[in-house]
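Chemist: Chain by chain, the residues run as shown.
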Amino acid sequence: MKLITAIIKPHQLDEVKEALEAFGVAGMTISEASGYGRQRGHSEVYRGAEYTVDFVPKVRLEVLVDDVDSSDVVEVILKAAQTGRIGDGKIWAVPVDEVVRVRTGERGVDAL
Amino acid sequence: MPFAAEPPVINEAATAFMLIASSMVLLMTPGLALFYGGMTRSKSVLNMMMMSFGAMAVVGIVYVLWGYSMSFGNLQDGGSDIAGIFANPFHLFGLGDLTGPDGARLIDPFGVGVFIPEYIYVGFQLTFAVITVALISGAIADRVKFGTWITFAVIWVTVVYFPIAHMVWGGGLLSGSEGGLSAKLFGVTDGVASVLPIDFAGGTVVHINAGAAGLALALVVGKRLGFGKVAMRPHNLPLVMIGAGLLWFGWFGFNAGSELAADGVASAVWLNTMVATCAAAIGWLIVEKVRDGHATSLGAASGVVAGLVAITPACGALSPVGSIILGVVAGGLSALAVGLKYKLGYDDSLDVVGVHLVAGLWGTIGAGLLATSTGLLYGGGWQQTVLQILIALISLVLSLTLTYLIALALKATLGWRISDEEESEGIDQAVHAESGYEIGGLPASGARTTRPAVTASQVEGANA
Numbered sequence: 000m001k002l003i004t005a006i007i008k009p010h011q012l013d014e015v016k017e018a019l020e021a022f023g024v025a026g027m028t029i030s031e032a033s034g035y036g037r038q039r040g041h042s043e044v045y046r047g048a049e050y051t052v053d054f055v056p057k058v059r060l061e062v063l064v065d066d067v068d069s070s071d072v073v074e075v076i077l078k079a080a081q082t083g084r085i086g087d088g089k090i091w092a093v094p095v096d097e098v099v100r101v102r103t104g105e106r107g108v109d110a111l
Numbered sequence: 000m001p002f003a004a005e006p007p008v009i010n011e012a013a014t015a016f017m018l019i020a021s022s023m024v025l026l027m028t029p030g031l032a033l034f035y036g037g038m039t040r041s042k043s044v045l046n047m048m049m050m051s052f053g054a055m056a057v058v059g060i061v062y063v064l065w066g067y068s069m070s071f072g073n074l075q076d077g078g079s080d081i082a083g084i085f086a087n088p089f090h091l092f093g094l095g096d097l098t099g100p101d102g103a104r105l106i107d108p109f110g111v112g113v114f115i116p117e118y119i120y121v122g123f124q125l126t127f128a129v130i131t132v133a134l135i136s137g138a139i140a141d142r143v144k145f146g147t148w149i150t151f152a153v154i155w156v157t158v159v160y161f162p163i164a165h166m167v168w169g170g171g172l173l174s175g176s177e178g179g180l181s182a183k184l185f186g187v188t189d190g191v192a193s194v195l196p197i198d199f200a201g202g203t204v205v206h207i208n209a210g211a212a213g214l215a216l217a218l219v220v221g222k223r224l225g226f227g228k229v230a231m232r233p234h235n236l237p238l239v240m241i242g243a244g245l246l247w248f249g250w251f252g253f254n255a256g257s258e259l260a261a262d263g264v265a266s267a268v269w270l271n272t273m274v275a276t277c278a279a280a281i282g283w284l285i286v287e288k289v290r291d292g293h294a295t296s297l298g299a300a301s302g303v304v305a306g307l308v309a310i311t312p313a314c315g316a317l318s319p320v321g322s323i324i325l326g327v328v329a330g331g332l333s334a335l336a337v338g339l340k341y342k343l344g345y346d347d348s349l350d351v352v353g354v355h356l357v358a359g360l361w362g363t364i365g366a367g368l369l370a371t372s373t374g375l376l377y378g379g380g381w382q383q384t385v386l387q388i389l390i391a392l393i394s395l396v397l398s399l400t401l402t403y404l405i406a407l408a409l410k411a412t413l414g415w416r417i418s419d420e421e422e423s424e425g426i427d428q429a430v431h432a433e434s435g436y437e438i439g440g441l442p443a444s445g446a447r448t449t450r451p452a453v454t455a456s457q458v459e460g461a462n463a
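Protein sequences, first through last, are from chains A and B. Numbering-wise, numbering that gives the first Met the number 0 puts 9 at position 10 of the first sequence, and it's gapless, one number per residue. Numbering-wise, numbering that gives the first Met the number 0 puts 240 at position 241 of the second sequence, and it's gapless, one number per residue.
Since the hints were made in silico from the structure, they are not lab data. If you're wondering where the values come from, they're calculated on a predicted model, not measured in any experiment. One or more hints might be untrue.
[What the hints assert, rightly or not] Across the chosen pairs, the derived CB separations fall in these ranges: (1) B:L376 - A:I85: 50 to 58 Å; (2) A:F54 - B:V158: 28 to 36 Å; (3) B:P237 - A:V101: 36 to 44 Å; (4) B:K228 - A:R59: 27 to 35 Å; (5) A:P9 - B:E437: 19 to 27 Å; (6) B:R450 - A:R37: 47 to 55 Å.
[What the hints assert, rightly or not] Partner residues are not named here, just some residues of chain B that face chain A (Cβ under 8 Å, in silico): (7) K228; (8) R232; (9) T295; (10) S301; (11) G338; (12) Y341; (13) L343.
For glycine and all other residues, C-beta sits at the position ideal for the given N, C-alpha and C.
Whenever a hint applies, use it, and build me the whole structure from the sequences.
Modeler: Next up, the structure:
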């Protein structure tokens with residue numbers, strides 16, 4: 000099993016979610032995040048005082064998938080999240096030892 | 000005086016108007032709390048708002064006890080005061096002598112035959128004292144002990160505000176009275192000064208006074224941790240805009256109410272207040288657009304307040320077009336002035352100096368230039384402008400000096416600053432044991448009850 004984490008533009012969230020549902024992914028978790036990569040931040044001016052805001056709002060999306068689906072799911076997220084402009088984010092996948100569904104106690108692929 | 004023997008008759012229209020105007024001015028202080036509160040960081044919003052609410056609570060009481068007596072207690076009872084500086088604080092202490100045949104003694108402060116109950120005149124003036132103190136708090140956001148602030152409020156309003164209010168409006172040194180400064184400089188006509196100082200609703204008493212006091216406090220109290228290095232962004236601009244809106248609304252009571260009658264002058268004042276404020280918002284936004292590239296919401300809200308401040312002394316003396324000119328200059332000047340604190344290195348956190356002192360000075364002096372009857376630009380000669388500069392500077396120096404001394408005394412005794420650690424963690428939790436917001440959707444941020452609130456039955460049990 001793999002945990003796929005994607006940091007994406009908040010604006011792309013709906014598109015990514017619909018694409019993942021269409022692919023057959025059964026659930027996901029998202030959280031609001033702040034960060035920067037090559038995009039860096041932006042500047043804001045309050046009463047003439049300029050501030051550089053390094054961390055810009057992002058969405059962190061996490062999906063647990065079977066090993067065989069991993070590269071396909073990464074492709075699905077990539078296609079839906081990509082705008083081609085700087086700040087589109089990153090996707091990575093890491094192996095997961097164990098997954099348990101809390102309600103039933105099911106383990107492994109059955110818990111996905 | 001053939002009618003001298005007849006008792007004065009209450010003017011009910013004026014009384015109704017003053018009841019409403021006073022309530023509108025009172026609303027300005029919670030409005031100011033929102034305006035200031037939104038501009039602070041989220042960890043200090045409650046303390047910022049509490050400085051306004053605290054000022055309301057203590058100044059409201061002090062005003063009734065000795066404030067009115069010290070400012071205006073001389074108006075009806077023989078007119079004695081101490082060297083034109085303040086009236087006897089004990090003469091009307093607690094307002095015990097203001098009852099009358101219809102529930103209240105009547106007063107006609109301008110001597111124009113419009114009598115209102117003195118109680119509502121007290122109430123109207125009370126709301127001015129409250130907001131003037133609250134205005135100062137913007138200079139010392141995020142870092143000051145609440146007890147020291149409340150003590151300061153009581154001392155400052157007594158030593159600085161009441162005397163200046165008396166000097167300008169209570170027939171003292173800076174008024175048009177026979178013994179005042181103007182009478183000494185430019186002579187007397189028919190028992191009053193030949194050139195009357197113009198301060199319709201409080202450019203000197205309220206705004207120059209609060210602005211200068213804010214500067215003195217910022218200097219004595221010192222900078223916030225990280226001032227000029229870390230970002231101190233306003234945490235909630237919608238609150239700032241709501242606050243500016245409430246200030247604008249209440250200010251019609253402040254300015255038009257200062258006529259103390261529902262008449263033509265009050266109507267002109269209403270309109271002048273409106274257009275000067277519109278023009279100032281535009282003036283501020285133009286400076287921002289040219290200098291920074293964007294017209295901001297904080298700029299619009301700040302421009303509104305700068306315009307309201309500037310028109311305050313001048314609103315009874317200008318034409319609507321003159322008010323527009325006064326307003327647009329006020330907005331532009333204040334937009335340029337708010338950057339000064341970074342260059343000069345004092346932390347006037349929310350720009351009490353840049354907005355209230357600068358726009359207050361401009362409004363008071365601008366009234367001398369633009370007054371339709373005596374203004375320099377209307378061919379009225381130079382005397383009015385010189386007089387306006389004098390009353391502005393005297394108020395400035397008086398407030399700055401006295402406030403500086405009060406602030407030093409409090410620094411040596413109670414102390415101003417909370418600890419560095421408390422300041423960096425946030426004054427709301429350190430001083431008030433509260434947070435302004437529950438951040439995030441987790442149930443009560445993991446908070447749990449460690450001491451249940453005391454219930455009525457427990458209290459009874461304790462007394463049994």
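Chemist: Work down the list of hints and note, for each, if the structure agrees.
Modeler: The hints, checked one at a time:
1. B:L376 - A:I85: 50 to 58 Å: 54 Å, holds
2. A:F54 - B:V158: 28 to 36 Å: 47 Å, violated
3. B:P237 - A:V101: 36 to 44 Å: 40 Å Cβ-Cβ, so the 36 to 44 Å window holds.
4. B:K228 - A:R59: 27 to 35 Å: 30 Å, holds
5. A:P9 - B:E437: 19 to 27 Å: With Cβ atoms ~22 Å apart, the hint holds.
6. B:R450 - A:R37: 47 to 55 Å: 51 Å, holds
7. K228: 11 Å, violated
8. R232: 6 Å, holds
9. T295: Status holds, d = 7 Å.
10. S301: Holds. Min distance 6 Å.
11. G338: Where the cut-off is 8 Å and the nearest Cβ of chain A is about 5 Å from B:G338, the hint holds.
12. Y341: Constraint on B:Y341 satisfied, holds at 7 Å.
13. L343: 14 Å, violated
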